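Number of protein chains: 2
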Amino acid sequence: MSNSKFVDSWLRHRLVTVELVDMIGEGGLNFKPWDGAMTLSELVLHIMSSGFQFTNAVKLGTIGKPADKPLISSMADLRKYVHEITESTKATMASITDEEMESLVDASKVMGTSLPGKALLATMRDHEIHHKGQLFVYARMAGVQNPPFFVKHSV
Amino acid sequence: MSNSKFVDSWLRHRLVTVELVDMIGEGGLNFKPWDGAMTLSELVLHIMSSGFQFTNAVKLGTIGKPADKPLISSMADLRKYVHEITESTKATMASITDEEMESLVDASKVMGTSLPGKALLATMRDHEIHHKGQLFVYARMAGVQNPPFFVKHSV
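Taken in sequence, the protein lines are chains A and B.
So in my numbering, the last one in the first sequence is 169, and the numbering has no gaps at all.
So in my numbering, the last one in the second sequence is 169, and the numbering has no gaps at all.
Note that these hints are calculated values from the structure, not bench results.
Keep in mind that a hint or two might mislead.
Since the list gives no way to pick one copy over another, a pair counts as held whenever it fits inside one copy or between any two copies.
[To be verified] With a straight-line Cα cutoff of 30 Å, these simulated DSS-like cross-link-like pairs (lysine-lysine) come out:
1) LYS132 - LYS46
2) LYS104 - LYS19
3) LYS94 - LYS166
4) LYS73 - LYS123
5) LYS73 - LYS83
6) LYS132 - LYS166
Since we're looking at a predicted model, the values are computed, not measured.
In isolation and in its complexed conformation, chain A is listed as follows:
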């Protein structure tokens, strides 16, 4: 898959996450469905930071430092952060060359191995769809009535 095709195939999911977060009311921020679960805010930040870190890793050739941890004290903070880091991640991803998609990335810190940029990005995308699925349950339980379809037909 070429890089521009990959960006679109990722955005078709990411933009659903953005839309869903925009629908969640204030009471949802620290909601968690079982004792010991990530809170809704933590789950969203996990999706965002993984996308950011793995995308940057393909540019760097290795797993770099995570995104700075934002101060989130309201759904407004969370929504603003989600919009901003999505734009930043999208810009970095769009700058990845076809050569970088094929080049090995040292992911030994988190996956115990090196793998081509395109494989790391595909894993990141699966990881994001998985946690977005969880977020749909959180959002419904936190009162969202009409969530979007799980993927956009186009971006």
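Position chain B against the provided structure of chain A, taking the given hints into account.
Just chain B now, with coordinates in the frame of chain A:
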């Protein structure tokens, strides 16, 4: 992606669903996290029937009839069904030729368009990861303590 690579990339997720269903206790069968949600059993059957129907569609060239609806009255029934339909879906998927991966499938009944077999299977795989993510929340809420990682490293 060649067909054999696709089968593996799908199985790396499906086998996690099978493992997770095997871990859910009897009380989980009709668990649902909000009023109006699919029950756990319905969610699992939705994953299974979508995988079956979309895989068969690539062989048929069109969306055919859904899998026969099984009679499920216990977790033992659900587990047995999940194992059986996974084997059946895997066998059909393994028989898909590289030519069938490229051929257009008439999916107008469910998606309003025709698309290549490989695109239909990729969408099915995303759909399965999404609902498996939801199932992880259901399973935790139904008492599963140590669920597997969301994807197998190899199959």
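Hint-by-hint comparison with the structure:
Taking the closest pair of Cα atoms, LYS132 and LYS46 never come within 30 Å of each other, the shortest separation being 33 Å inside a single copy and 37 Å across copies. For the identical chains of this complex, LYS104 and LYS19 are neighbours both inside a copy (13 Å) and across copies (28 Å), given an alpha-carbon limit of 30 Å. Within a single copy, LYS94 and LYS166 get their C-alpha atoms as close as 21 Å, which meets the 30 Å cut-off; across copies the closest is 34 Å, which misses it. Taking identical chains as interchangeable, the C-alpha atoms of LYS73 and LYS123 lie at most 30 Å apart only when both belong to the same chain, with a minimum of 16 Å there against 41 Å between chains.
In this homomeric assembly, LYS73 and LYS83 come within 30 Å of each other (Cα to Cα) only inside a single copy, at 21 Å, whereas the closest approach across copies is 48 Å. Taking CA atoms no more than 30 Å apart as the test, LYS132 paired with LYS166 passes in both settings, with 22 Å inside one copy and 18 Å between copies.
In summary, the one numbered hint that this structure violates is 1.
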